[in-house]
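These are the residues of each chain, in order.
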Amino acid sequence: MNELMGIRGLNKIYPMGGEAFYALKGVDLDLGAGEFAGLVGPSGSGKTTLLNIIGALDQPTSGEVMLGSRRISGLGASEAAKLRLDHFGFIFQTFNLLNVYSVYENVELPLILAGWGATQKRAAVMEALEWVGLSDKVNSRPGQLSGGQCQRVAIARAMVKKPKLVLADEPTANLDSENSYNILDAMLQINQETGTTFLFSTHDQKVINYLRRVITLKDGSVAEDRTQVPQPAEV
Amino acid sequence: MIFKIALKNLFAAGLRTWLNVFVLSLTLASIIFLQGLMAGMLDEMSSLRVAEEIGGGQLWQESYDPFDPMTLEDSRSLQPAALSPLVAQGSACPVLLLSGGIYAKERFKNVLLKGVDPEQNCLELDFSPLAGELSDGNLKVMIGRHFAKNLGVSTGDLVTLRWRTQAGAINALDAEVVALLETQVPAMDQGQIYLSYSKLNQMNQTQSFTSLLWVKPGVTPSAPSGWVFRDVDYLMRDTLEMVQTKSAGQSFFFALLLLLGLIAVFDTQALAVFRRKKEIGTFMALGMSNAKVTYLFVVEGSLQGILASLVTLVWAGPLFYWSTQTGLDMGISGEDFGMAFGQVFYPLFGWGKVLTAVLLVNAMVVFVSFWPVRVIAKMSPANALSGRL
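So the sequences go chain by chain: A and B. Residues 1 to 235 (the working numbering) are what the first sequence spells out, left to right. Residues 1 to 389 (the working numbering) are what the second sequence spells out, left to right.
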């Protein structure tokens with residue numbers, strides 16, 4: 001497996017009442033291309049902080065994050081935005097769809113930002129919506145969809161540019177079991193078919209069961225890093 | 001791309017957008033309307049004063065000072081021979097001024113006796129009733145309609161005039177009000193009694209004595225020795241000064257109106273940054289740079305100004321046009337407070353001033369749209385997504 005990302009000596013410190021609070025402490029981690037991995041651990045263990053730093057949404061206090069041979073920690077705001085645009089897809093716990101846009105327009109948005117042509121955009125959006133089984137909802141608004149459907153739209157939006165890495169922060173937290181399994185199945189299928197790397201932040205056992213690699217964080221440090229045989233649910 | 005997104009967000013905001021557009025549109029329309037009203041007032045005052053008071057300028061006897069009644073006796077002299085051709089052509093119309101008094105309805109009032117040529121055509125005023133003689137030998141006089149009302153006299157009434165001759169003798173005669181002078185210029189109405197120029201010269205025991213000459217519009221005479229030509233600009237300077245003073249006051253009012261409109265946009269933008277943090281974070285996560293997100297918000301705010309301009313054009317444009325055609329009845333005449341304009345007002349809307357107002361409002365909207373969203377430029381995507389600023 002080719003190495004996609006390398007993390008060395010990562011620290012994230014927040015000042016708290018005159019003292020330093022270590023959200024991440026000396027994290028070392030490698031992530032290979034095509035992985036279906038997850039950062040797990042209790043609340044406050046540093047999962048989301050690490051995910052944000054990996055996704056160039058936040059900067060570490062110290063340490064190094066490499067995407068291939070490119071150092072991405074310490075990038076300026078516009079360089080980080082360009083990096084996210086070119087290489088990363090994001091899936092959020094609360095879907096973060098733009099309610100004023102249709103399903104099609106939500107999925108199209110990253111391609112508009114990337115400056116794709118009209119024909120390319122249309123083909124890519126339709127393909128992404130087919131992956132998640134929402135080809136018939138192109139004109140619907142997020143407000144007209146169920147939570148599961150909204151998260152599928154979010155997955156399509158994250159996948160539409162075929163990024164190297166999709167970062168999913170608690171993607172099932174607002175979904176019932178059936179919808180959780182449906183979207184996990186969809187993501188696993190995409191991972192298997194396209195080779196896109198997925199990195200989750202979760203403490204949901206349903207998600208953990210789907211992972212091939214489980215990285216457990218405790219108090220901002222990697223406590224355990226193990227591989228497993230995924231156990232997708234029979235829905 | 002940004003424009004398309006901004007446009008979509010603007011209309012998706014619904015009532016919030018339309019409320020701002022309404023306030024801005026009202027501000028813009030008020031500014032344009034008040035400017036139009038002021039321009040219309042100035043135009044009407046200028047036109048009326050030129051037509052009924054100033055003409056194309058005036059030739060003054062060099063000692064004449066309209067603001068110094070004590071020098072009135074010294075400020076009349078024989079009409080210079082050099083001006084006779086102009087007078088004969090009707091291009092200059094002689095006026096003799098005497099101080100005097102009127103006794104009417106058992107009241108006495110100091111007045112300015114004005115001797116004018118009944119056939120004069122330098123001003124658009126009809127003094128023809130002063131021509132000829134009355135069978136009973138009484139003097140013929142005309143009084144401005146408003147002054148006559150103040151005196152309680154009307155056409156056909158007898159009054160007594162008292163005056164001081166050139167030689168210093170006090171004299172008095174009965175006079176009949178043969179007509180009321182129709183003028184909207186208070187300076188030509190209040191405190192003035194009009195008589196025939198030749199008759200007043202007789203009463204003054206002089207011949208062709210003149211205090212000033214009204215000059216017909218379009219004629220620029222050269223002033224003979226002992227006389228000065230006062231052009232329209234000079235004679236209108238008090239009106240212009242008054243308009244400038246009013247304009248300064250109006251500017252303060254405009255600024256206040258503008259401030260109210262801009263506060264609405266500022267509030268919306270400031271609230272939007274807080275309320276739409278997650279959306280901002282999402283845009284950033286999807287790869288939009290902070291600068292572009294800031295730009296998006298500024299464009300959204302600015303579009304409200306453009307929308308307000310268009311909305312103003314739609315609702316206020318026809319109203320403004322209608323007001324220029326039919327005029328606006330202000331319910332009170334300018335004469336009632338000493339100004340030369342009628343009860344019906346015709347606003348004047350120049351493209352230059354309208355465009356300036358539109359550009360000013362839009363420029364200010366861009367500025368206040370930018371001010372509250374500067375915070376986005378410093379915002380971390382992670383903080384925005386988590387709702388922290």
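A couple of the hints might just be wrong.
To be verified - Here are the computed lysine-lysine pairs in the DSS-like style, where the Cα-Cα straight-line distance is at most 30 Å: (1) B:K278 to A:K218; (2) B:K277 to B:K149; (3) B:K278 to A:K82; (4) B:K105 to B:K140; (5) A:K164 to B:K292; (6) A:K82 to B:K8; (7) A:K162 to B:K4; (8) A:K121 to B:K4; (9) B:K292 to A:K82; (10) B:K199 to A:K121; (11) A:K218 to A:K206; (12) B:K278 to B:K8; (13) B:K149 to A:K82; (14) A:K164 to B:K105; (15) B:K277 to B:K292; (16) B:K199 to B:K109; (17) A:K164 to B:K199; (18) A:K218 to A:K137; (19) A:K25 to A:K206; (20) A:K206 to B:K278; (21) A:K25 to B:K277; (22) B:K277 to A:K162; (23) B:K278 to A:K121; (24) B:K149 to B:K105; (25) B:K109 to A:K137; (26) B:K4 to A:K82; (27) B:K292 to B:K246; (28) A:K162 to B:K140; (29) B:K199 to A:K162; (30) B:K353 to A:K137; (31) B:K277 to A:K121; (32) B:K278 to A:K25; (33) B:K199 to A:K82; (34) A:K164 to B:K149.
It should be emphasised that the hints constitute simulated quantities derived from the structure, not laboratory data.
Verification of the supplied hints:
no., hint, in the structure
1, B:K278 to A:K218, "holds (28 Å)"
2, B:K277 to B:K149, "violated (71 Å)"
3, B:K278 to A:K82, "holds (19 Å)"
4, B:K105 to B:K140, "holds (18 Å)"
5, A:K164 to B:K292, "holds (24 Å)"
6, A:K82 to B:K8, "holds (24 Å)"
7, A:K162 to B:K4, "holds (24 Å)"
8, A:K121 to B:K4, "holds (16 Å)"
9, B:K292 to A:K82, "holds (12 Å)"
10, B:K199 to A:K121, "violated (96 Å)"
11, A:K218 to A:K206, "holds (20 Å)"
12, B:K278 to B:K8, "holds (17 Å)"
13, B:K149 to A:K82, "violated (83 Å)"
14, A:K164 to B:K105, "violated (104 Å)"
15, B:K277 to B:K292, "holds (15 Å)"
16, B:K199 to B:K109, "holds (21 Å)"
17, A:K164 to B:K199, "violated (107 Å)"
18, A:K218 to A:K137, "violated (41 Å)"
19, A:K25 to A:K206, "holds (28 Å)"
20, A:K206 to B:K278, "holds (27 Å)"
21, A:K25 to B:K277, "holds (29 Å)"
22, B:K277 to A:K162, "holds (27 Å)"
23, B:K278 to A:K121, "holds (25 Å)"
24, B:K149 to B:K105, "holds (12 Å)"
25, B:K109 to A:K137, "violated (91 Å)"
26, B:K4 to A:K82, "holds (21 Å)"
27, B:K292 to B:K246, "violated (44 Å)"
28, A:K162 to B:K140, "violated (102 Å)"
29, B:K199 to A:K162, "violated (105 Å)"
30, B:K353 to A:K137, "violated (51 Å)"
31, B:K277 to A:K121, "holds (27 Å)"
32, B:K278 to A:K25, "holds (28 Å)"
33, B:K199 to A:K82, "violated (95 Å)"
34, A:K164 to B:K149, "violated (94 Å)"
Checked against the numbered hints given earlier, the structure breaks hints 2, 10, 13, 14, 17, 18, 25, 27, 28, 29, 30, 33, 34 and satisfies all the rest.
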